[in-house]
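Construct the entire structure; sequences and hints are all you get.
Here is how the chains run, residue by residue.
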Amino acid sequence: MRMLNQGAAMETTATATQERPCVREVTTSCSALGANYFAFGVEDAISVPNTGQGCLFTLIHGLKAKGNKDFGPVCGTGLCNREVVYGGQSRLEETIFAAETMHDPNLIYVADGCVPAIIGDDNVGVIQSIRGRLKKAKVVYVDTTGFDGDLVYGFNKAALATVNQVMDPPREKLDRTVNIMGIAYWYDSFFEGNAREMARLMDLIGLNVNCVFGCGCTRRQIEDMPEAALNVVVSDYINVDAAERMEEKFGVPFVYARRGTPVGLEATEEFLLEVARKTALNLKEVEGKIAKEKKRIMEKVSIGLDYWFERIGRHKVAIVADSGRAIGLYRFLVNDLQLEPAFVAMTTMGVESRSILDEIISRNGIGWRPPVLEMPDGYDIRNMADRTKPTLMLGRTPEREWCLNHGANYLPITHPVLDSIEILGRTDIGFNGMRTYLHEMVNVLLK
Amino acid sequence: MDEAMGQLIKTPREENWQTGNTFAGPLRNLLDRDVENTAQERRCYDMCVCPPCSCSGTLSMINKTVILFNSPPGCGEEGMISWRTFHMQSWQQMGLKSQPEWYTTVVVHNNMGQKEIVFGGGDNMHRSVHCAYERYKPKMIVILNTCPPAIIGDDLEGVGTLLKKEFKDRCHIIPIRSEGISTPIWSNAWDLSLISLMDNVMKPPERRVSNKINIFSNFTYFYDDWQELARMVRAIGLEPSGRFGSLPGYSEVEDIENMADAACNAAVCSNYARSAFDRMEKEYGIPFVEFPSQAMGIEMSEEWLTAVASVFGLEKKAASFIGREKDQLRGSIKDFASGLKGKRILVSGGIARAIPNAFMCHHLGMEIAAINLFHYDHRNDRELEKLADLIGGDVPVLVGMQLYEDMQLLRELKPDIYLVDPHYAGIGARMGVPTVSNHFSNRGSYVGFRGAFNLAKSLAMALARKDFFAKFSGLGECKYRGTEFFPWNEPYYGMLKSGVYHGGKRRCGC
Numbered sequence: 011m012r013m014l015n016q017g018a019a020m021e022t023t024a025t026a027t028q029e030r031p032c033v034r035e036v037t038t039s040c041s042a043l044g045a046n047y048f049a050f051g052v053e054d055a056i057s058v059p060n061t062g063q064g065c066l067f068t069l070i071h072g073l074k075a076k077g078n079k080d081f082g083p084v085c086g087t088g089l090c091n092r093e094v095v096y097g098g099q100s101r102l103e104e105t106i107f108a109a110e111t112m113h114d115p116n117l118i119y120v121a122d123g124c125v126p127a128i129i130g131d132d133n134v135g136v137i138q139s140i141r142g143r144l145k146k147a148k149v150v151y152v153d154t155t156g157f158d159g160d161l162v163y164g165f166n167k168a169a170l171a172t173v174n175q176v177m178d179p180p181r182e183k184l185d186r187t188v189n190i191m192g193i194a195y196w197y198d199s200f201f202e203g204n205a206r207e208m209a210r211l212m213d214l215i216g217l218n219v220n221c222v223f224g225c226g227c228t229r230r231q232i233e234d235m236p237e238a239a240l241n242v243v244v245s246d247y248i249n250v251d252a253a254e255r256m257e258e259k260f261g262v263p264f265v266y267a268r269r270g271t272p273v274g275l276e277a278t279e280e281f282l283l284e285v286a287r288k289t290a291l292n293l294k295e296v297e298g299k300i301a302k303e304k305k306r307i308m309e310k311v312s313i314g315l316d317y318w319f320e321r322i323g324r325h326k327v328a329i330v331a332d333s334g335r336a337i338g339l340y341r342f343l344v345n346d347l348q349l350e351p352a353f354v355a356m357t358t359m360g361v362e363s364r365s366i367l368d369e370i371i372s373r374n375g376i377g378w379r380p381p382v383l384e385m386p387d388g389y390d391i392r393n394m395a396d397r398t399k400p401t402l403m404l405g406r407t408p409e410r411e412w413c414l415n416h417g418a419n420y421l422p423i424t425h426p427v428l429d430s431i432e433i434l435g436r437t438d439i440g441f442n443g444m445r446t447y448l449h450e451m452v453n454v455l456l457k
Numbered sequence: 024m025d026e027a028m029g030q031l032i033k034t035p036r037e038e039n040w041q042t043g044n045t046f047a048g049p050l051r052n053l054l055d056r057d058v059e060n061t062a063q064e065r066r067c068y069d070m071c072v073c074p075p076c077s078c079s080g081t082l083s084m085i086n087k088t089v090i091l092f093n094s095p096p097g098c099g100e101e102g103m104i105s106w107r108t109f110h111m112q113s114w115q116q117m118g119l120k121s122q123p124e125w126y127t128t129v130v131v132h133n134n135m136g137q138k139e140i141v142f143g144g145g146d147n148m149h150r151s152v153h154c155a156y157e158r159y160k161p162k163m164i165v166i167l168n169t170c171p172p173a174i175i176g177d178d179l180e181g182v183g184t185l186l187k188k189e190f191k192d193r194c195h196i197i198p199i200r201s202e203g204i205s206t207p208i209w210s211n212a213w214d215l216s217l218i219s220l221m222d223n224v225m226k227p228p229e230r231r232v233s234n235k236i237n238i239f240s241n242f243t244y245f246y247d248d249w250q251e252l253a254r255m256v257r258a259i260g261l262e263p264s265g266r267f268g269s270l271p272g273y274s275e276v277e278d279i280e281n282m283a284d285a286a287c288n289a290a291v292c293s294n295y296a297r298s299a300f301d302r303m304e305k306e307y308g309i310p311f312v313e314f315p316s317q318a319m320g321i322e323m324s325e326e327w328l329t330a331v332a333s334v335f336g337l338e339k340k341a342a343s344f345i346g347r348e349k350d351q352l353r354g355s356i357k358d359f360a361s362g363l364k365g366k367r368i369l370v371s372g373g374i375a376r377a378i379p380n381a382f383m384c385h386h387l388g389m390e391i392a393a394i395n396l397f398h399y400d401h402r403n404d405r406e407l408e409k410l411a412d413l414i415g416g417d418v419p420v421l422v423g424m425q426l427y428e429d430m431q432l433l434r435e436l437k438p439d440i441y442l443v444d445p446h447y448a449g450i451g452a453r454m455g456v457p458t459v460s461n462h463f464s465n466r467g468s469y470v471g472f473r474g475a476f477n478l479a480k481s482l483a484m485a486l487a488r489k490d491f492f493a494k495f496s497g498l499g500e501c502k503y504r505g506t507e508f509f510p511w512n513e514p515y516y517g518m519l520k521s522g523v524y525h526g527g528k529r530r531c532g533c
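Chains as they are written, first to last, in the working numbering: chain A, 11 to 457; chain B, 24 to 533.
Careful, some of the hints might be misleading.
Partial selection, computed: residues in chain A whose CB lies under 10 Å from chain B [stated by the list, open to error]:
1) Pro31
2) Cys40
3) Cys85
4) Ile215
5) Asn218
List time: in silico SDA-like cross-link candidates among lysine to any residue, alpha-carbon distance up to 20 Å [said to hold, decoys possible]:
6) Lys399/A / Glu124/B
7) Lys120/B / Pro179/A
8) Lys120/B / Gln138/A
9) Lys87/B / Arg392/A
10) Lys235/B / Tyr307/B
By construction, these hints were calculated from the structure, which means they are not laboratory data.
By construction, the Cβ of each residue, glycine as well, lies at the ideal position given by its N, Cα and C atoms.
Below, the structure written as structure tokens:
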């Protein structure tokens with residue numbers, strides 16, 4: 011299976027490339043910097059972006075704008091005109107050694123940007139030549155080019171490189187242990203809470219979690235990943251290819267959020283039952299535990315029940331989100347909460363995302379189909395909003411202005427979010443994700 | 024490796040002004056420096072604002088404009104972030120919750136991919152400009168070149184010339200060679216932005232308006248700053264051009280077209296616009312205010328306004344206004360000054376901002392623990408000499424905008440307070456040091472006389488909250504490793520004391 015996202019779309023054939031829109035509003039970073047987001051998510055790793063000097067500032071400024079407190083340890087090569095003319099291999103070598111001396115990391119991630127990719131530096135050769143001379147750090151080379159895709163594409167490539175270059179075949183198999191994948195560090199505004207919520211849900215159904223891949227894990231945990239019984243991928247496009255590779259290489263099966271990120275009652279229950287089936291848990295027992303948890307959550311959210319009917323019910327909602335979240339939110343907002351959908355815009359695409367969303371829409375029982383946009387530009391989203399006039403938009407910062415200028419309510423939920431920082435560590439997936447959304451929506455609409 | 028291979032290719036600004044971003048040592052050594060051996064060094068780790076992003080920040084301050092990154096999707100991210108942080112700042116100061124409806128400038132990219140890298144991106148560039156025009160109907164389209172098209176050798180000028188013909192009466196087309204690999208000194212982008220405006224948009228003067236003054240400010244100055252400078256020049260009978268008293272400052276394209284009608288050019292930061300000023304003087308005889316620093320703090324605000332007034336022969340009016348302002352200020356900052364006296368401060372920021380801030384802190388009775396200048400050029404020598412006379416030539420100075428070096432300074436020098444650009448403000452706070460961001464505020468200017476008051480107030484308030492800052496202490500250690508973490512692999516403090524870096528040999532942590 012080949013996951014298709016904005017980045018992947020760009021590296022397809024010339025025919026596909028010719029159809030690419032030639033103007034897009036800026037919303038994301040490139041694959042080289044996306045790979046660094048993954049490296050940031052590995053606690054004992056250091057990233058060495060092998061990019062132009064300006065890209066490093068963009069990376070640091072980008073992380074800072076998203077609220078990351080650890081945006082400091084970036085040891086980029088900062089390539090400039092000298093390297094373009096004479097080659098940048100010696101500078102990469104110098105910087106890798108400097109990174110090891112200064113930070114003493116266990117892993118060093120090197121991701122190439124446009125400059126070394128175009129001038130043709132042999133960076134794989136550089137890394138091979140220095141391997142024996144490093145004290146303890148292992149260098150992971152991520153084969154990005156900067157112009158081959160967007161941030162998520164780079165994140166996925168770094169994950170795949172980690173599977174290929176860091177993991178070894180398992181020494182033993184642990185029946186009740188799983189790895190959580192598909193939560194992108196800092197790309198996902200709720201990454202911290204999401205990792206915790208997934209770990210909690212796994213615990214609830216009786217599974218142990220080895221690590222949350224690329225989101226606060228260590229080299230040791232990554233090395234232990236092949237021992238797990240299952241990889242649980244909470245997305246329909248992030249890390250799915252890495253999970254596929256692990257299945258191929260180490261025989262670790264995986265489940266992924268094919269029918270959308272698990273948010274709300276219906277989708278979360280469905281996802282947990284699939285995990286339970288794959289790990290051969292006692293389904294009856296698991297169903298019992300889920301039912302108990304659902305009851306507990308419903309009691310919690312009933313605090314705002316009066317306001318649901320009074321405030322939320324009359325709203326026409328637009329969803330602008332990555333494909334998994336868009337599908338998950340559609341199920342939650344339209345199927346669970348019975349809101350009227352204005353339109354759905356999927357900013358990234360898994361291969362099956364559109365057909366699955368279409369299937370879910372066709373079964374929603376409201377008799378008509380809201381428009382669906384695939385990887386639209388901000389311009390297209392605004393035009394669609396002008397046409398469908400939503401009164402509540404769950405989207406990205408670029409849609410903020412439209413909402414404020416048109417009297418619509420707005421919740422920033424998906425990348426890029428530059429006008430909101432999640433300090434409370436809440437989740438937007440699972441059962442507790444439902445609480446977060448209801449809390450936010452009720453409070454936004456009360457204002 | 025021969026000598027040429029070890030050096031970067033320099034831009035005119037770097038050649039003419041000996042601009043550099045690497046130095047560490049006593050202030051006196053910086054002034055006496057051997058340029059070849061100090062300011063042209065290079066670190067193992069280096070980062071800098073990418074020139075197209077800097078151009079994007081500046082030129083997106085012009086209304087009805089499309090900023091087109093001739094680039095893959097990622098390059099404009101910094102433009103987008105700047106968009107939020109810088110523009111929101113002005114909008115908030117204007118009392119708005121979001122982007123004003125009259126402001127229609129957008130930042131886009133032309134989605135360059137492998138096909139363009141292999142077969143050339145000229146057609147894509149051409150098509151994207153047409154597409155951008157059809158979508159947004161702007162009055163100006165800025166094409167910002169980035170590393171990939173520059174390396175593969177796309178003919179920016181050729182496509183630009185063709186587009187100019189095609190859009191002759193409809194829209195200004197401004198192609199800018201702003202690729203990130205061109206320089207590690209971001210201030211080059213200011214020259215690129217302003218000179219491009221002059222070459223492509225500005226018209227020859229039809230009439231000279233005797234009291235009209237252009238005050239140029241870059242994108243790190245906001246609505247309240249423009250208003251303060253406008254207040255100061257209006258007080259002596261001058262009228263600033265532009266929608267809000269500053270250029271670009273959300274001006275219309277027509278304001279840029281008519282820039283040459285002004286009787287004089289000035290800038291809040293002359294490092295910013297000096298090359299453009301030279302050009303305007305040479306071509307249209309427009310004099311400019313020769314003032315290498317910024318109108319920040321009491322001394323520099325006074326000097327700036329006096330320099331502006333001297334171009335128009337309005338020195339007396341200026342002196343009387345300055346006298347009134349200073350009298351008022353003296354009374355209002357007296358209480359703050361008492362708390363700040365004797366406190367040690369690390370002043371960090373762009374050179375034109377850090378120098379006046381250091382003067383102001385000295386004026387408030389503070390001790391300058393160290394200064395970090397984001398870059399250096401010889402045009403500021405006069406102010407630095409004056410500063411050295413005031414605070415002493417032994418004060419440690421670091422040149423460069425590397426995050427880890429500021430952290431090292433904070434760790435080693437343990438100042439009482441840290442005055443810095445907002446990019447690094449969080450670092451100071453996480454190390455438990457009371458921190459003041461020197462040009463971001465939702466309310467109030469940091470330039471001019473009112474800015475001097477705001478700065479004194481902010482410093483005093485930060486110091487009063489030192490117990491709160493202390494609670495964050497230790498969080499800023501991140502993953503750095505004590506004194507070993509230093510680009511030249513030498514104990515920093517010792518290096519500062521001995522000025523060893525002045526020797527000039529290349530060092531790094533490996």
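Against the structure, the hints come out as follows:
1. The interface hint given for Pro31/A holds, since its Cβ lies 6 Å from the closest Cβ of chain B, which is under the 10 Å cut-off.
2. The criterion of a C-beta within 10 Å of any C-beta in chain B is met by Cys40/A, whose closest approach is roughly 2 Å, and the hint holds.
3. With a cut of 10 Å, the hint placing Cys85/A at the interface with chain B holds, because the nearest CB-to-CB distance is about 5 Å.
4. With 10 Å as the threshold, the beta carbon of Ile215/A stays out of range of chain B, its nearest partner Cβ sitting at about 35 Å, so the hint is violated.
5. For the restraint placing Asn218/A at the interface with chain B, the shortest Cβ-Cβ distance is roughly 28 Å, beyond the 10 Å limit, so the hint is violated.
6. Restraint check: the Cα-Cα separation between Lys399/A and Glu124/B comes to about 18 Å, which is no more than 20 Å; the hinted pair holds.
7. Our distance criterion of 20 Å between C-alpha atoms is broken by Lys120/B and Pro179/A, whose separation comes to about 55 Å.
8. Restraint check for Lys120/B and Gln138/A: not satisfied, since their Cα atoms lie roughly 53 Å apart, outside the 20 Å limit.
9. The suggested pairing of Lys87/B with Arg392/A holds, with an alpha-carbon distance near 18 Å, which does not exceed 20 Å.
10. In summary, the hint linking Lys235/B to Tyr307/B is supported, as the alpha carbons are separated by about 15 Å, within the 20 Å threshold.
Checked against the numbered hints given earlier, this structure breaks hints 4, 5, 7 and 8; the rest are met.
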